[in-house]
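There are 2 protein chains.
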Amino acid sequence: MSGRLSVIGLGPGDPAAITAEAVAALKSAQALYGYAGYLDRLPPQSGQQRFASGNGEEATRAAAALGHAVAGADIALISGGDPGVFAMAAAVCEQIDAGPAAWRALEVRIVPGITAMLAVAARVGAPLGHDFCAISLSDNLKPWSVVERRLDAAAGAGFVLALYNPISRARPWQLGAAIERLRGHLPETTPVVFGRAIGRPDERVVVTTLQTADPAAADMATLIIVGSTQTRLVARSGQAPLVYTPRSFAAVRA
Amino acid sequence: MSGRLSVIGLGPGDPAAITAEAVAALKSAQALYGYAGYLDRLPPQSGQQRFASGNGEEATRAAAALGHAVAGADIALISGGDPGVFAMAAAVCEQIDAGPAAWRALEVRIVPGITAMLAVAARVGAPLGHDFCAISLSDNLKPWSVVERRLDAAAGAGFVLALYNPISRARPWQLGAAIERLRGHLPETTPVVFGRAIGRPDERVVVTTLQTADPAAADMATLIIVGSTQTRLVARSGQAPLVYTPRSFAAVRA
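Chains as they are written, first to last, in the working numbering: chain A, 1 to 254; chain B, 1001 to 1254.
Please note that the accuracy of each hint is not assured.
Said to hold, decoys possible - Which stretches of chain B does chain A cover? Using the computed rule of at least three CB atoms under 8 Å from a CB of chain A, they are:
1. 1048 to 1057
2. 1064 to 1073
3. 1095 to 1104
4. 1133 to 1147
5. 1166 to 1174
Stated by the list, open to error - Rough simulated footprint, nothing fancy, chain B against chain A, three-plus residues with beta-carbon under 8 Å:
6. 10 to 21
7. 44 to 51
8. 93 to 105
9. 231 to 243
Claimed, not checked - Sample of chain A residues lacking proximity to chain B, with all beta carbon distances greater than 12 Å (derived):
10. A24
11. A31
12. A36
13. L39
14. A126
15. G129
16. S138
17. A155
18. P172
19. L182
20. P187
21. T208
22. F249
Derived from the structure by calculation, the hints contain no laboratory data. Remember, it's a predicted structure, so these values are computed and weren't measured experimentally. Just so you know, even glycine gets a beta-carbon here, dropped at the ideal spot from N, CA and C.
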């Protein structure tokens, strides 16, 4: 009996934001592996095993799921957002790259999900409507100097920025340093969006500017979008402003 | 009666890759507006009007959908992939920004979808597993010099690149020029992925290198991922190689 590993994107947390393909893959799996906080979002299913692990245990979680699948089981490894964006798919590939030959024969299927930047962008308009970059602010796995160089390059060349992993107990100053650095490239009025837990009861979205952006408003689950010089704010009657980046480099205004 | 406009992401084309929220929004709408090729993907629904338009008519399509919704109807404007990534959400925001005051009072809801780069990445592993940029190669709405500057900045700073809108009848040389330019920044062996129509009968995915990447292998619907110096290829027994970018800047190999 040959096994299979499905790496499944749960999206931002709202069950309605999961694809039908992901729902089917979750249902057919004999066992689920995942971060405890993500597993808690899924209703228990009779006969389906669950293996919860903590934050920061991505490598051992991926290896355990691979080992179980290669023994002949249909295994699901769950991921927040999209598995391919700062999430479990790369951890699985790293394990396959370094692991036993049998892991390179296993059927591995990645099931995409709505990654945080798409969910946050949708809530405010279209801030990612033009060229953009996604950067992880975590310096656990890369030197901070690399983050700085990428912030400079992206902001300097006119990309909108989506900042993942902005802050944690062990990384308290990085988001503040990133915002300060971006102030050297972009006008004070540049729109900035903080968004977390989109579609969940504890959803929070704040639209601010680069001048007033407060790192303390972010937690581990927050995704931050920093506009380019082209990004615009549209005030609206009786509702939150729209934030969008026009499709054209210098949009013609009516 | 107050209307509403939902801007809905259909994902890469496979009906199983649409979210439940998008399915519900499509069902409740009194009328659908969209590019004819995307409308054709959706089964007709009794009593629901359809307004198809051609490629390149985004501004007039967005304005027509806004005008219809503001008259008191529940309108869905459909978009391939995710509406916020080089798609209809920015076109709608541009129209609201420039249009009559009533449009700024309308309820507008963006329903995210799986954008092409996530779908293509999932098919091959995790090429977007580390910092990446999304760039449109279309120079219809921005000067080509801006595209060049962004390719230089992104590749030079170690971002993986996702290239949207690579080629069309009116833009035959841009992808070739972009690939040639990236050869000046990255090794010949850098993994490159061409992917189109993920989950549809005419899906096609090709894994190649920067040296051998052939612009003629792309069409309008192709998304191209160009790795960074960190992106790796893992040969596998009996299946296509994995392509991934490790989570750490200089991954420790076992």
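Consistency of the hints with the structure:
{"no.": "1", "hint": "1048 to 1057", "result": "violated (count 0)"}
{"no.": "2", "hint": "1064 to 1073", "result": "violated (count 0)"}
{"no.": "3", "hint": "1095 to 1104", "result": "holds (count 6)"}
{"no.": "4", "hint": "1133 to 1147", "result": "holds (count 8)"}
{"no.": "5", "hint": "1166 to 1174", "result": "violated (count 0)"}
{"no.": "6", "hint": "10 to 21", "result": "holds (count 9)"}
{"no.": "7", "hint": "44 to 51", "result": "violated (count 0)"}
{"no.": "8", "hint": "93 to 105", "result": "holds (count 9)"}
{"no.": "9", "hint": "231 to 243", "result": "holds (count 8)"}
{"no.": "10", "hint": "A24", "result": "7 Å, violated"}
{"no.": "11", "hint": "A31", "result": "21 Å, holds"}
{"no.": "12", "hint": "A36", "result": "20 Å, holds"}
{"no.": "13", "hint": "L39", "result": "20 Å, holds"}
{"no.": "14", "hint": "A126", "result": "4 Å, violated"}
{"no.": "15", "hint": "G129", "result": "3 Å, violated"}
{"no.": "16", "hint": "S138", "result": "9 Å, violated"}
{"no.": "17", "hint": "A155", "result": "9 Å, violated"}
{"no.": "18", "hint": "P172", "result": "21 Å, holds"}
{"no.": "19", "hint": "L182", "result": "14 Å, holds"}
{"no.": "20", "hint": "P187", "result": "18 Å, holds"}
{"no.": "21", "hint": "T208", "result": "18 Å, holds"}
{"no.": "22", "hint": "F249", "result": "3 Å, violated"}
Checked against the numbered hints above, the structure breaks hints 1, 2, 5, 7, 10, 14, 15, 16, 17 and 22 and satisfies the rest.
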